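Hey, can you work out the whole structure from these sequences and the hints?
Chain order of the listed sequences is D and B. Using the numbering used here, the first residue of the first sequence is number 9, and each one after it goes up by one. Using the numbering used here, the first residue of the second sequence is number 11, and each one after it goes up by one.
Check each hint, because a few of them may be wrong.
[As the list claims (entries may be wrong)] Okay, the calculated beta carbon distance ranges per label pair: (1) A89/B / F277/D: 50 to 56 Å; (2) G222/D / P136/B: 51 to 57 Å; (3) A15/B / R173/D: 25 to 31 Å.
Think of the hints as simulated: they come from the structure by calculation, not from any bench. These figures come from a predicted structure and were not determined experimentally. Each residue gets a CB set at the ideal place from its N, CA and C atoms; glycine is no exception.
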Amino acid sequence: MDWLYVTEVALAGLGAGALYALTGVAFVLIYKATRVVNLAIGEILMLGGYVFFGLVAGAGLSIWAAIPLTILAGAALGAVVERALIRPMLGESPISVFMVTIGLGSILAGVVELGWGADPLRLPEFIPNTPIFLGEAYLAPKVAYGALVAALLIAGAVIALRFSRGGVALRATARDQGAAYSMGIDVGRVFSLSWMAACATAAGAGVIVGAIGGISPTMGIFGLSVLVVVIVGGLDSVAGALVGGLLIGLVEALAGSFLGGEYKLLATFSLLILILMVRPYGIFGTHEIERL
Amino acid sequence: MPMDAEILLNVNNVEVVYNRTIQVLRGLSLRVPKGEIVALLGSNGAGKSTTLKAVSNLLELEDGAVTAGHIEFDGTDLASLTPHGLVRRGLFHVMEGRRIFEDLTVEENLTAATFSLSGRGLPITPFDLVYSYFPRLYERRKGLAGYLSGGEQQMLAIGRALISKPKLILLDEPSLGLSPKLVEEIFTIIARINREQGVSMLLVEQNAAVAFSVASYGYIMEMGKVVIDGPVERLVKDQDVQEFYLGLGGGGAHKSYRDVKHYKRRKRWLS
Ligand SMILES: Nc1ncnc2c1ncn2[C@@H]1O[C@H](COP(=O)(O)OP(=O)(O)OP(=O)(O)O)[C@@H](O)[C@H]1O
Ligand SMILES: [Mg+2]
Numbered sequence: 009m010d011w012l013y014v015t016e017v018a019l020a021g022l023g024a025g026a027l028y029a030l031t032g033v034a035f036v037l038i039y040k041a042t043r044v045v046n047l048a049i050g051e052i053l054m055l056g057g058y059v060f061f062g063l064v065a066g067a068g069l070s071i072w073a074a075i076p077l078t079i080l081a082g083a084a085l086g087a088v089v090e091r092a093l094i095r096p097m098l099g100e101s102p103i104s105v106f107m108v109t110i111g112l113g114s115i116l117a118g119v120v121e122l123g124w125g126a127d128p129l130r131l132p133e134f135i136p137n138t139p140i141f142l143g144e145a146y147l148a149p150k151v152a153y154g155a156l157v158a159a160l161l162i163a164g165a166v167i168a169l170r171f172s173r174g175g176v177a178l179r180a181t182a183r184d185q186g187a188a189y190s191m192g193i194d195v196g197r198v199f200s201l202s203w204m205a206a207c208a209t210a211a212g213a214g215v216i217v218g219a220i221g222g223i224s225p226t227m228g229i230f231g232l233s234v235l236v237v238v239i240v241g242g243l244d245s246v247a248g249a250l251v252g253g254l255l256i257g258l259v260e261a262l263a264g265s266f267l268g269g270e271y272k273l274l275a276t277f278s279l280l281i282l283i284l285m286v287r288p289y290g291i292f293g294t295h296e297i298e299r300l
Numbered sequence: 011m012p013m014d015a016e017i018l019l020n021v022n023n024v025e026v027v028y029n030r031t032i033q034v035l036r037g038l039s040l041r042v043p044k045g046e047i048v049a050l051l052g053s054n055g056a057g058k059s060t061t062l063k064a065v066s067n068l069l070e071l072e073d074g075a076v077t078a079g080h081i082e083f084d085g086t087d088l089a090s091l092t093p094h095g096l097v098r099r100g101l102f103h104v105m106e107g108r109r110i111f112e113d114l115t116v117e118e119n120l121t122a123a124t125f126s127l128s129g130r131g132l133p134i135t136p137f138d139l140v141y142s143y144f145p146r147l148y149e150r151r152k153g154l155a156g157y158l159s160g161g162e163q164q165m166l167a168i169g170r171a172l173i174s175k176p177k178l179i180l181l182d183e184p185s186l187g188l189s190p191k192l193v194e195e196i197f198t199i200i201a202r203i204n205r206e207q208g209v210s211m212l213l214v215e216q217n218a219a220v221a222f223s224v225a226s227y228g229y230i231m232e233m234g235k236v237v238i239d240g241p242v243e244r245l246v247k248d249q250d251v252q253e254f255y256l257g258l259g260g261g262g263a264h265k266s267y268r269d270v271k272h273y274k275r276r277k278r279w280l281s
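Here you go:
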């Protein structure tokens, strides 16, 4: 066995996994605060890629202006979706809310296809492309920088959740909504802010994912891997999203390289089933998962 | 009804219905004067907790609604206020079962309560105020609240209320599940808080004796409305109250005598 090759595949897998983890954190944020399983997270990520493309290729903005604007657009989308689609569903069965997010995903995919067509597009190059070696192992610079940014953002999210006052409000709301209200916490605002933060994160992740692999209206299937990630890690656990993301990225890369691309999904779903048999709430999950 | 002092909370002829079908309060009225502790007693299921939730606007979360009557706090009608808005006006509800955030530390639980000060232009209450009443919480401040003993959790629940600089605290069964010694300790502190901070309290209890030891006025409710009320000095002399609520009766064959035993029973949510 060529260990250098194995190492390179594993590194690439961990790099991709960091982006799964980042998007997984976005998913977890929403689930923690609002108990909504947001199946549109992949499409929101895709929309981020397209908004960035539109701002740069269409509106002619510089890349460094387009990135913050894309993230802002993600936040705005989160605010609107939460207020217009999710808040009115409060108290409805989880399955109805879940269906609403599936519908949202299809709408976003449709809008993108109408606006930009069905063909894959390449994002303008903006990530440095000097080759990166870790020891002897080569790592694609885009993947490496993407993973680095993802790691920084995840660290930021963890710190904010653990140490900020807002983080306390979110965790309190996640634990006991009624008690959170009785503390004077504006639970509606917690909902709104977590949707905004999550969708901003997903849109930002979309820029990185698009820069690595290009964008297309079917890019939302990224969300399928993210769903596996958060089920493996536990729907309400940031640490779980991190571990799950790296694990799934690694398994997909190894299965893809050594068994063939068609085994990728088989491998991840086998892992999913295996883990759920041992730990029904995921590796780090605590709360009871709603039956869907 | 207490007439003399200024009225802080006025609950007037309130009816509450859950799930649009189950009526629980049937024309309940009570008043809390400024600076006093008022006790609200009654057997299991009488509607005490429902009364408090109606006041703090938390009924909505349980699909309950006030269908008649009105509630005024500090001169404002409550109907239009959000639950968090109400807290930010100085009405703090310490809910039944303490409802501490178990996976947050003691300090983080207090931090959560600082949201009650938002928009009031008040400085954040130093946690030392809480620790001065409950020194034990200071020792455990970095630990998860879920690992506190029942008594310490009750102290934390009251401590969170203190953070909000309240005018009125609604206390739902603070004695629940605690040893007699701890009950005495906590009620001593409740009385001190009332005296030193000038906070009014509406105190729901199953333990009538201990409630009467701190309250100045008492209401006793059955089936969703008040059946007896009066100043505590008078209530403790009342024959019915002695028999059914203080457990002092001469063993008469009254049909609801066994209600007294309810007070000794642990509550269903504890299991
Ligand atoms: N969310 C709810 N939905 C439907 N019915 C409810 C709800 N909450 C309470 N009830 C009913 O309302 C009645 C009064 O309940 P409440 O909790 O106010 O009683 P309580 O006086 O606080 O009793 P306890 O001493 O046991 O705490 C009970 O019959 C209860 O079953
Ligand atoms: Mg009760």
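Those earlier numbered hints the structure runs against, lowest number first: 3
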